[in-house]
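Q: If you read the sequences in order, they're chains R, X, A and P. So for the first sequence, the numbering used here puts the first residue at 1; every next one is plus one. So for the second sequence, the numbering used here puts the first residue at 1; every next one is plus one. So for the third sequence, the numbering used here puts the first residue at 1; every next one is plus one. So for the fourth sequence, the numbering used here puts the first residue at 1; every next one is plus one.
Check the hints yourself; a few may be wrong.
One copy or two, it doesn't matter: identical chains are merged, so the pair holds either way.
Taking lysine-lysine pairs in the BS3-like style, the calculated list, with each CA pair at most 30 Å apart, reads [said to hold, decoys possible]:
(1) Lys270 x Lys219
(2) Lys270 x Lys49
(3) Lys49 x Lys219
(4) Lys219 x Lys240
(5) Lys49 x Lys240
(6) Lys270 x Lys240
Source of the hints: derived by calculation from the structure; they are not laboratory data. Remember, it's a predicted structure, so these values are computed and weren't measured experimentally.
Each chain, letter by letter, is given below.
Number of protein chains: 4
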Amino acid sequence: MSSLGFGLIGTGFMGKAHAIALRSVGTVFGERDAPRLRYLVDANLDNAKRSAEAWGFASAGDDWAALCAHPEVDVVNICTPNHLHREMAMAAILAGKHVHCEKPLALTASDAVALRDAASRAEVRTSMGFNYMCNPLITVARELIRNGELGEIFNFRGWYQEDYMADPATPFSWRCLRSQGGAGALADLGTHLINMAEYLLGPISALFGQLSTVHTHRKDPVSGNSREVENEDIAQILCKFSSGCPGTMEFSRIATGTKCDLGFEIFGSKGSIFFAQERMNELRLYESQGPARLRGFRTILAGPQHPPYAAFCPAPGHGLGINDLKVIEVWNLINSIASGEPVFSDIRNGCRVQQLSAAVELSNRTRDWINVEQRALDQNAELV
Amino acid sequence: MSSLGFGLIGTGFMGKAHAIALRSVGTVFGERDAPRLRYLVDANLDNAKRSAEAWGFASAGDDWAALCAHPEVDVVNICTPNHLHREMAMAAILAGKHVHCEKPLALTASDAVALRDAASRAEVRTSMGFNYMCNPLITVARELIRNGELGEIFNFRGWYQEDYMADPATPFSWRCLRSQGGAGALADLGTHLINMAEYLLGPISALFGQLSTVHTHRKDPVSGNSREVENEDIAQILCKFSSGCPGTMEFSRIATGTKCDLGFEIFGSKGSIFFAQERMNELRLYESQGPARLRGFRTILAGPQHPPYAAFCPAPGHGLGINDLKVIEVWNLINSIASGEPVFSDIRNGCRVQQLSAAVELSNRTRDWINVEQRALDQNAELV
Amino acid sequence: MSSLGFGLIGTGFMGKAHAIALRSVGTVFGERDAPRLRYLVDANLDNAKRSAEAWGFASAGDDWAALCAHPEVDVVNICTPNHLHREMAMAAILAGKHVHCEKPLALTASDAVALRDAASRAEVRTSMGFNYMCNPLITVARELIRNGELGEIFNFRGWYQEDYMADPATPFSWRCLRSQGGAGALADLGTHLINMAEYLLGPISALFGQLSTVHTHRKDPVSGNSREVENEDIAQILCKFSSGCPGTMEFSRIATGTKCDLGFEIFGSKGSIFFAQERMNELRLYESQGPARLRGFRTILAGPQHPPYAAFCPAPGHGLGINDLKVIEVWNLINSIASGEPVFSDIRNGCRVQQLSAAVELSNRTRDWINVEQRALDQNAELV
Amino acid sequence: MSSLGFGLIGTGFMGKAHAIALRSVGTVFGERDAPRLRYLVDANLDNAKRSAEAWGFASAGDDWAALCAHPEVDVVNICTPNHLHREMAMAAILAGKHVHCEKPLALTASDAVALRDAASRAEVRTSMGFNYMCNPLITVARELIRNGELGEIFNFRGWYQEDYMADPATPFSWRCLRSQGGAGALADLGTHLINMAEYLLGPISALFGQLSTVHTHRKDPVSGNSREVENEDIAQILCKFSSGCPGTMEFSRIATGTKCDLGFEIFGSKGSIFFAQERMNELRLYESQGPARLRGFRTILAGPQHPPYAAFCPAPGHGLGINDLKVIEVWNLINSIASGEPVFSDIRNGCRVQQLSAAVELSNRTRDWINVEQRALDQNAELV
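Next up, chain R with everything else stripped away, as it sits in the complex (with noise of 0.2 Å):
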């Protein structure tokens, strides 16, 4: 059998971590899975043809639409700044190419859908690069919910908050600007949870959202004037889940001294569980059974009982890291096109978070709940 060829877009933070991942996937899983690395691109070719030759590309260019058409690319994967992201995909999908799309798929909800329409005409394998999902722990925790373990599930509370536009000196960047840093936080970070808690507790069916823009103003690094901020720092969601659930998710971009902080609790009727990723080794469980006495919080280290953790170590409580994470996400989609059967964060999950952004974002314009129902949203024309 011959590997699959994967061409990559992009040599930024999300390239590189690709080429970590795609490097790694066959040492790590065993050799039937083993990629050929056989496209790199970049807008700079000098970039292009230097890390080709680093991350072990057979070659090399800066011309994305000959790596979509490239007869021994089978995968592409998009690494590229955001609003790119949707021609791209368009042109591999149409040029019957599997998709590895870091997200955001793209910029508006009715992008996304074309994409996901195109992408389902094609039938090609797709992922979209939510790689906190692809936690061993993460998949403990959806296991727990699917199983019965926690019985019925009451609450939700989740969040994502990080600090890199804390700093009210931080200049005016592509981040600022709707066009390209979409929705701010609720693009770069809520996406993140938004998928995730669909994952672990089915859809949502309506929201209620609340957008904040605390530091309206930056100044402009070039011509040292303010500039008005077009996107948010913070995003605020009341939801309830098709099961009747309730919950509550929170986003910021300016939330001091938080790095990686996403989470989650939720609660039901015979248990609980917690995760934070800045403890990504860890998810925390709580159980109502046993001598009450001895009821608690346990802390459930990840080890080799975790799939696939053992792949990466066969000793638990040693680690694993947010590289590693890149490299399950690979060798899922790798799996999905072996066996035909989607990855949980495939398009359409690209695709619904898009809508749901967009309807977080109409909430908060019209100060009402929205209906988010799939077949809602796809009659919404402001959603579509």
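Dock chains X, A and P against chain R, hints included.
A: For chains X, A and P alone, coordinates are given in the frame of chain R:
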């Protein structure tokens, strides 16, 4: 100088907590403050007599009106079931007594307003039983905010979760009745945090609420029939403070595994703080200064440098307990009577919390934001 | 029945803690136990009078011998500087009084043995001020071990660290004198943990110790001269319990940043526990059972299911404080007097701790292991 | 420039970890360092071939001597069972190859000394697999100490606990044999911490040790008979550093519930630090400065301000994993070869750790303190 005479109504959980505090406050803080335990009343005369002997009260009875009228009673402590607070507080105020009332002040906003106005006319000193606020570390938190040590405040996240109603098998009780248990989790738990939020950040100007009853029916322990629960298990709130700062608050009485999980995160331009009552001797602080490689959230352990901790123990890190907070609450009232200066959580705050709570319910009904500036509250026919 | 009359010697830190406890114990535990605060003595008569009034003692004086002889005093509480404990305890015992003595019982092992033997002959009930042991969660820990719930015990790691002498600039004081401060960190801190270790695991049979004085000289605050410190900052101990279980213990008064870091880890064949006093309302438990993927250390929060927590508060997770432990200590002695059954930390334990402490010093001198079985201790001329 | 050729011996747990690291190091750190994966050897030829294909090695075989002699192999990575390290390392050194050897260097101190001296004569660069040391936060810890930011160091407390042999039912294996498993927990776990202690605080000058075998017999899985375990479950050490600082170290392979609990506390006159591997992305720091009311242990989260974290991820708090430490270890060796400067944990450190380990065993036998200054070690007939 003759010390103050106290009359205590109620010998249950909170009555006992007040008695412990009244017994200890003189010893903890020194001779000036030693109260006279003058009169103890309980609906059950035997209970009253037995407890009076054990707790050191000079006399006992079953007539709370007589207690309120007694010439040697200077302060009336109201520790009865919630629905009795209103008339007892009113009687005490009209008799010119100072009042120390457990929350809630009343079951409706209009009753609370009547008490507030009566207390104002009578010029008595009052205190509400918001004991968590009396924590020396909450004082530190407030100072950090008021002094500007955290800079401009960006965001508030607060919560109060317990699990005393989490088990669906917990039978129907007075807590499930609107007439006695008020607005459920919002009343039991939320009022503590709403009051604390305003103590820390100043007034809330607008809010939006979602209330949910997960366990809609419970079994009546007498009849064995299923009865409809009249109030809510979960309250979720979006808000804006007058300062412009956005916030969220969430309350649940069915948060399996949590026992006294009242807490908050407050993010500012110069730093952030985190507090959670289950670790009431710890305050977490992040400061955006010093070498970047050494920054992080620190855990401040309560000690004698945090007044009035030293009155309890001269050694740091030894730990205060929940009953110590009630001692501080009593001491604050004694000082307020001596100085004529109101405490933060007096009857005005108790009334405002009642109005804010009503506003949350109104928002939940109307699915709309509610203006809760004090003037607006007092003019909103649905909230007075 | 007439309640017990208490006579308290000393109005400092521990005197006040005893007074708070004596004032509260009846209220907390119910009428049967309400003590009479009969007599308060301090070397300074004004202090004694002022405190007696504030704390509710019937009479005051400056003659501790008179207190010991007073016919209405049933129990003598000794809260004076360490070097005075011996003669006061002996006088009280010889007067047939029950004794509640702060640790250390005496400054030498031979003095402690004399007191132990005198108390035994006098058939009085005694209690030593090892308050940390009175924590309801320590009772849980002991039960887990005694009931076999942790299986065979493999290993003990204990420590007690504070930083009250960490700063080299802290001046010379009585704490630095062998005649008053005893063996430094070993005496101040170590005795608490040594006693707790034997409470939990049974007797230690052999030990080996290393003592270190890091700050060998400190500045005399009066003369301004450098004086040699006569006792040690750090004690480090290897030991074996009679059960065969090995252990380590470590004590430091210069552990910068720690405030009340008394704690232990105990590992068994079926489970393990972890405790640390700075989070005194938490006990961590690991059980080697249940599904492997869900195992982990859980945090048990103190609650009413852990007697006698419920006497203080009926709600779980609300938190006891350090002063509450002293209330339990007083209550234990009251019950001991009523029942004739000794408490765990009575004068025999206080004596044994003194002997073990002497054995550590002997080991440090001889650089050899010391047999500390009780028979060997009593026959070791250097330890009696 | 031609990159280095690597030959890897062993395809088990550590062999795979080296392979992952060799595959990633060029991508993570940039083109200059991309190694050539030249040769993979395993005792089982099929394993070798299959793994070579999956991991990207140019050739495979079952003859490690041929690998050591291969002209295109510049560095030999030794990842075989412990008792094979010695002869492989010696062959590689004598062939003039650089050596990257998993610990232990050898099973006896004298073998280790022979290797140390051979490497010195051959002037090859070496690295031992003490991967925990490669954590960017350990570099921060060392700098804090070396720069004097913690002031004078008072005390060291270190430990390394796991529970892989805690269950008495775990069968007899090579780990229980002195000839293969060495000194048990001391060899498996202790060597990591001993090396780290000297990395942080400089050389240990004297030590005293207690070794304990709790599970003295285990069932042979083949014969079904009970066999005597030849090495120890627990090692407990008192020590002094050359600086005069006292320390303790404790190692256990039967610490039920712990998974990778390597950690330390270091107390100094200006501050203290705490580290525990199970939360490897956190370093706790206390500084004795700033306002007293705001002091506390802070948690520093690993981020790009802690080199070389940024090579893995530009965003803070996202988390490194155990395999990333091996990448850093490989990178350190590559840089060492380029610069000619030794890494800290080279073969000299590996030898010293072996000698210190032997000294602990000697102390346990003689029940005496052992002088472990390097000169004394090299002259102690029992340790060379």
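Q: Confirm or reject each hint.
A: Right, here's what the structure says about each hint:
1. Lys270 x Lys219: between (52 Å within a copy, 19 Å between copies)
2. Lys270 x Lys49: Classified as neither: same-chain Cα gap 56 Å, cross-chain 43 Å, threshold 30 Å.
3. Lys49 x Lys219: Classified as neither; 35 Å inside a copy, 59 Å across copies.
4. Lys219 x Lys240: between (39 Å within a copy, 26 Å between copies)
5. Lys49 x Lys240: Neither: 49 Å inside a copy, 52 Å across copies.
6. Lys270 x Lys240: within (20 Å within a copy, 35 Å between copies)
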